[in-house]
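Take the given structure of chain R and dock chain B to it, following the hints.
Number of protein chains: 2
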Amino acid sequence: MAWHLAHALDAAHHTIAQVYSRNSRKAADLAHPFNAEAVNRIEHLSDEVDVILICVSDDAIDAVAQQLKNRNCLIAHTSGAIAMGVLQETSPFYGVFYPLQSLSQGKKVDFFSVPILTEGNNKAAEMQLDALGKTISNTVKNITSEQRKHLHLAAVFANNFTNALYAEAAEILSHHNLSFDLLRPLISETAQKVQKLPPQEAQTGPAKRHDELTINKHLELLNGQPEKEKVYRLLTEIIQKKF
Amino acid sequence: MAWHLAHALDAAHHTIAQVYSRNSRKAADLAHPFNAEAVNRIEHLSDEVDVILICVSDDAIDAVAQQLKNRNCLIAHTSGAIAMGVLQETSPFYGVFYPLQSLSQGKKVDFFSVPILTEGNNKAAEMQLDALGKTISNTVKNITSEQRKHLHLAAVFANNFTNALYAEAAEILSHHNLSFDLLRPLISETAQKVQKLPPQEAQTGPAKRHDELTINKHLELLNGQPEKEKVYRLLTEIIQKKF
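Note that the protein sequences, when read in sequence, are chains R and B. Just so you know, we're using the working numbering here: the first sequence kicks off at 1 and counts up by one. Just so you know, we're using the working numbering here: the second sequence kicks off at 1 and counts up by one.
Chain R extracted, bound-state conformation (with noise of 0.2 Å):
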């Protein structure tokens, strides 16, 4: 997060001029590129900046509050699942600025197609947080932590469920020398389709047709797998009872 938020911001224009890690050398690694002061004490942070950041994973923001106490510059945490108020002693103006993509290191992705959830726990920490978010990215949406909270749900559906589906998927074609290859474009276009269209309407398959000889056909197949053949049976039944 710190890696994609720093390229995206430095490319908007702004600097980067604290990066702090306990780890000296990471620091010093993503402070390079933009000339950035890298800091391994927390304390040696600067409130002479517009923002801090923390992107650090999910439980270990709240011991980064507690040694950022009493600031008085804005700070936001950049997570989906915590709420804003872990945030509450660290400033007058705190908040929430939650990138909703799955991000790996190293991989650049378009950040303006990204988009920016922000919360503040006033107008002032809010309205600054939209300004900062929509230099990076043309999706800026204010939400509150509990609308986060489901968001960031749907986004492991949507996310990390879909892409255990697809390893499932490979497992089946391993099993029969198939390449997974085969999938991709279908893969591909599962997605394109809901891009414009919603799921609801892009759904297809022998479940929607309540096709039982083909279904019964696959639970065949499945016999032996009990863990795929459970998949199968709980979606089957999710999609039949829509359609």
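Source of the hints: derived by calculation from the structure; they are not laboratory data. Take the hints with a grain of salt, since some may be wrong.
Each pair may be met inside one copy or between any two copies, as identical chains are not told apart.
What the hints assert, rightly or not - Calculated pairs, BS3-like style, for lysine-lysine (alpha carbon to alpha carbon, straight line, at most 30 Å):
1. 108 <-> 242
2. 217 <-> 141
3. 230 <-> 242
4. 123 <-> 149
5. 26 <-> 208
6. 241 <-> 123
7. 108 <-> 134
8. 208 <-> 108
9. 107 <-> 208
10. 241 <-> 107
11. 123 <-> 217
Computed from a predicted structure; not experimentally measured.
Below, chain B without anything else, positioned relative to chain R:
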């Protein structure tokens, strides 16, 4: 399927000689742009062609095969789920010509990127189907009926079930007044990642990290939504077993 194949074959300079449908209007509509003859009686299909492609729903293939006995040209169906043997009385040369893609009438796809899976009852049928496939696709592969059944099953996971997860995510969002647009870039990126990586390497999220705190928070949010909760528990368990 008929619409897509007719357009792809025409674009590759094949002649669409005849289009048969029980519904004269449908036959005429598809035949017209190709200057083909529309026929509404299957007996009127000529043997003086290279191939007759059967593009009907799975449960209609057998009925069509019953009416296409003792022909002399190559006859192939285009289904992923039906074994080749259903055509054994139609001709000395028969087989399967299965384009693996989610096709919607009227929405053209780049057919060259669609894998075509072929099977023939003998070498001559196989070679003819492979040659035909190569004129419209970059990926043509000869597989057995047994392999094709499993490939079709894997496609249900990667396409129909994936779309069902998109729909669950969309419901979560709509319950909290959030637009599905927020997830669309994530869905694209998730499909994009596995175009190069195997899905096992692309897996991320709380289940992979065994982040029980987040998992429990998500399960709380799903309280009272038993189907979504079942999906969450099952896919989380499957991911956790792998990592």
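Comparing the hints with the structure gives:
1. 108 <-> 242: So residue 108 and residue 242 pass the 30 Å test across copies only (27 Å; inside, 38 Å).
2. 217 <-> 141: between (46 Å within a copy, 23 Å between copies)
3. 230 <-> 242: Intra 19 Å, inter 16 Å, cutoff 30 Å: intra and inter.
4. 123 <-> 149: Result: close within a single copy only, 21 Å intra versus 58 Å inter.
5. 26 <-> 208: Between. Shortest inter-copy distance 24 Å satisfies the 30 Å Cα cut-off; intra-copy 50 Å does not.
6. 241 <-> 123: neither (44 Å within a copy, 45 Å between copies)
7. 108 <-> 134: within (18 Å within a copy, 35 Å between copies)
8. 208 <-> 108: Answer is between; shortest inter-copy Cα gap is 22 Å, intra-copy 37 Å.
9. 107 <-> 208: Between copies only: 20 Å across chains, 37 Å inside a chain, cut-off 30 Å.
10. 241 <-> 107: between (40 Å within a copy, 27 Å between copies)
11. 123 <-> 217: between (58 Å within a copy, 28 Å between copies)
Checked against the numbered hints above, the structure violates only hint 6.
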